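Okay, here's what each chain looks like letter by letter:
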Amino acid sequence: MLLFLLALGLLVGGALGALVAQRSARWATALGVGGAVTGCVAGLIPASRILLGEPSQSLRMTWQVPYGAFFVQIDALSAFFLLPMFGLSALAAVYGAEYMVAHRGERSPAASWFFFDLLVASMAMVVVARNAVLFLVAWEMMALASFFLVTYEDDEESVRQAGWTYLVATHLGTAWLLVLFILLGRGTGSLDFDRFGAASGGGLLFILAVVGFGTKAGFMPFHVWLPEAHPAAPSHVSAVMSGVMIKTGIYGLLRTLTFLGPLPWWAGWLLVAVGVTSGVFGVLLALAQSDLKRLLAYSSVENIGIIALGLGLGLVGMHVGSPALAVLGFGGGLLHVVNHAVFKGLLFLGAGAVLHSARTRTIEELGGLLGRMPWTGIAFLTGAVAVAGLPPLNGFASEFLIYLGAFEGATSLGNAGAVPALVVIAGLAMIGGLAAACFTKAFGVAFLGEPRSEHAAHAREVGPAMRLPMQLLAAACVVIGVASPALVGALAPVLTEVTGLPSASVQAQVMQTAGSLGSVTGCALGLLALVVVVLSLRGRLLGGRPVGEVVTWDCGYLQPSPRMQYTASSFAQPLTDLFGLLLGTRQRLSRPEGFFPEAASLSTETPDICRERVYRPIFSGLGRGLFAFRWLQHGRVQLYILYIALTLLALLLWKLGEA
Amino acid sequence: MSVPSLLPAALALGLAPLLVGVITRTKAVIAGRVGQPLLQPYRDLRKLMRKGAVYSRTTTWVFRAGPVVGLAATVLASALVPYGGSFALVSFPGDLFVFAYLLALTRFFTVIAALDTGSSFEGMGASREVTFSALAEPALLLGLAAVARTTGSLSLSPILSKVTVEVWAQAAPALALVAAAFLVVFLVENGRIPVDDPATHLELTMIHEVMILDHGGPDLAFILYAAAVKLWLLGTLLIGVVLPVHSDNRWLDSAAATVAMLALGVLTGLIESSMARLRLVRVPNLLVGAGVLSVLALLLVLR
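Chains as they are written, first to last, in this note's numbering: chain A, 1 to 659; chain B, 1 to 303.
Because the hints were derived from the structure by calculation, they are not lab data.
The structure displayed is predicted, hence computed values, not measured ones.
Cβ coordinates follow ideal geometry from the N, Cα and C atoms, glycine included.
Careful, some of the hints might be misleading.
Reference excerpt, derived from the structure (chain A facing chain B, CB under 10 Å, subset only) [to be verified]: (1) L370; (2) A410; (3) V419; (4) L428; (5) L434; (6) C438; (7) E450; (8) S453; (9) A457; (10) L575.
Between beta-carbon pairs, the in silico distance windows are [claimed, not checked]: (11) B:V167 - A:C555: 17 to 27 Å; (12) B:R279 - A:L602: 39 to 49 Å; (13) A:V41 - B:L204: 48 to 58 Å; (14) A:L602 - B:R277: 18 to 28 Å; (15) A:R107 - B:R279: 52 to 62 Å; (16) A:A599 - B:G52: 43 to 53 Å.
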């Protein structure tokens, strides 16, 4: 516990240090990054100790706030979320040290490092807080710190817009959480987590949690802030937000499950439905994007969908009384939390490196970067294979667990378990194929072929401080992919906590799961060995034979130009056309006309369907309705204070009347 | 690791080009030609292996890695598929997902190798390939889930070896629907008519062939061989569903399955000779149809 508090202290100290040293960009960066890295390393130690089997630790101090207490505890579930949080944040901070030099423009980096360190500290606080007031304070700090990070480049209109969307969305989500915690604490009159009893009306509380935490996690249709905020933020912040911050939503949901006791039958079905919707829509929208970071943000919605599929399957398993289903579902979902943090962090850092060198995020203007940025390219490819869920990397391991759970349910259970399980299989299969399409597009068009613009042609490899974090994350994709059985073994205490099943039965099930994953690992190693064998065979066959170089085959046309290449939108067109009804892609086309046509153009844009069709009408209606009350807001502070005084007076009178 | 347990993989790796030869020969005979010898695909492979290579200046190591990863993943996949009631070399719960995703890995690398050339033809083929395979995957996995539910196993080998005459008697409609879905997946995934024509010569209309336009020499040999093995393996799944007769003799079963595989080759040749290619925009309908067949099969087995 002491080490954890030290970690928090280092993070907050780094934040304050950066603020104090704001006149010198170098000092502010050094203190900010130093605080983040040392704090994260210090925090990793207690988290990994507890995951390795040490008993959970807690600390309780009184706090003046009504119903509040400084009550923190690191148990297996918290530690499991702390691990990727600290790991990715430390790497992102190192990366940011180099990245921010080029991207801060005239601004001082001090503010950015202040909020970055604060964001990491508040995320850590969220997963250890055991009192609702403390939790909500940390939750709000996390939201505000990330809001200021998102709006760092606030001289751009689009960035300010993105910031507002994020701020409104996150507060609407928090409103549901307030109600949730008040209802949970109503029975015992305490807001400490350990005194929340199994309250009645579990179904209602579950819905409150799904909406409230789902807004942070990015469940469809509450995801609208995500594709706006993530591309707007500096890239290392996008990596932290997408990789670990949105996972606090998943953590909150899991923590709430431990308070609720048995849930109605539809709870699992609801999460499966949310998962399929988020997964399929997320990946389709990702496929339709031409902004690299926006594509990655939508892919985060997709991966949150996969996690929701796992959790939903786990809940179905709990309801029908199948420990196998529960362990595989929750286990797969949890493993995907870590895996997504690793590969999405990697991909956002890669996208940042591309933006850094080629000065653009538009995939259509990139191309041929692999030759110019070999290290970034190979790291991005690793991330792309992992996010597409392909063996032998880590993305496959977690999807495999969810598949296996669903398959178990589909073959052995009655219809109540088999139907959602089959929906999971169909959804995952659909998502898998589309994700492969999406990431062959992202990697293939951005990194392969010929550069499509001057910027791309002059791109250079980034420096070592940006390269190293990407290389470490890429290595983690491979290591987790191969070592997944051991990782699942470490999940046993976490799963016991979440499912509430007897420890022995969870342990037995986890062992069996690790066994199947061991076979997958065997296959992965076999694959690597076979690649080596085929590679040496190829070398032997080509040795001493003529190997020539020519231009790409283009039917004998003699003037190849980069503009002849297939573009990202033409690559995705068959699929976006096929799902056109769901996507609502807008097209502007000017056809070639006359016998000697001069100019023709086609541009497509896929706006977010929920934003366009659901939120925009609601919010513009609200805006019109509330316009009537504009006279209340006039900018005179003394009158505002009067409002407050009147409200307090009214409350006092009400309270006296009750007494 | 006994000799019989190596049999399914060995047959797949050894006989796959023969299956291609059977299809080509059937088409030739129906067209009134003598056609090439049955063993011609082996000769083609040997010829390609002996050649040097020519690479486009645009390409990087990704282009060279594509065929290598593709062949490695396909060879590994052959170790997971049972044959005529004999268990595969490797069998564990959920191995069918590893099988499906190994094929997906092959596809991923073929597609990025195609994009590496910067050619619009290859981009076009790559785009079509990812589109159609994204629709074929649910049909395949849901079909396997339906068969798994009737036989109550979690691994490919027991699933397919437990499809017996009794199971067919119980769940004939469902299994027939799955077989129809698998036939569509078999034709689509291997780039056969009515989806893609392996014998076409116009770049604009091709799918699989156009993606590998720039490959030559040993690389092309790897790609062609991996494609043949994939044809064999997906055929094995189909045969596993429609051939419910199992004796006690493993060798007899394997021989029967081989006869069935060759019959499947003739059937594919017949389909290719008697049908025109679908327009590309119609292909998704066919694939969604296959998916619906799998779902219907599931509804029948769930009840």
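Each hint tested on the structure:
no.	hint	verdict
1	L370	holds, 5 Å
2	A410	holds, 5 Å
3	V419	holds, 7 Å
4	L428	holds, 8 Å
5	L434	holds, 5 Å
6	C438	holds, 9 Å
7	E450	holds, 5 Å
8	S453	violated, 14 Å
9	A457	violated, 13 Å
10	L575	holds, 5 Å
11	B:V167 - A:C555: 17 to 27 Å	violated, 52 Å
12	B:R279 - A:L602: 39 to 49 Å	violated, 22 Å
13	A:V41 - B:L204: 48 to 58 Å	holds, 57 Å
14	A:L602 - B:R277: 18 to 28 Å	holds, 27 Å
15	A:R107 - B:R279: 52 to 62 Å	holds, 55 Å
16	A:A599 - B:G52: 43 to 53 Å	holds, 44 Å
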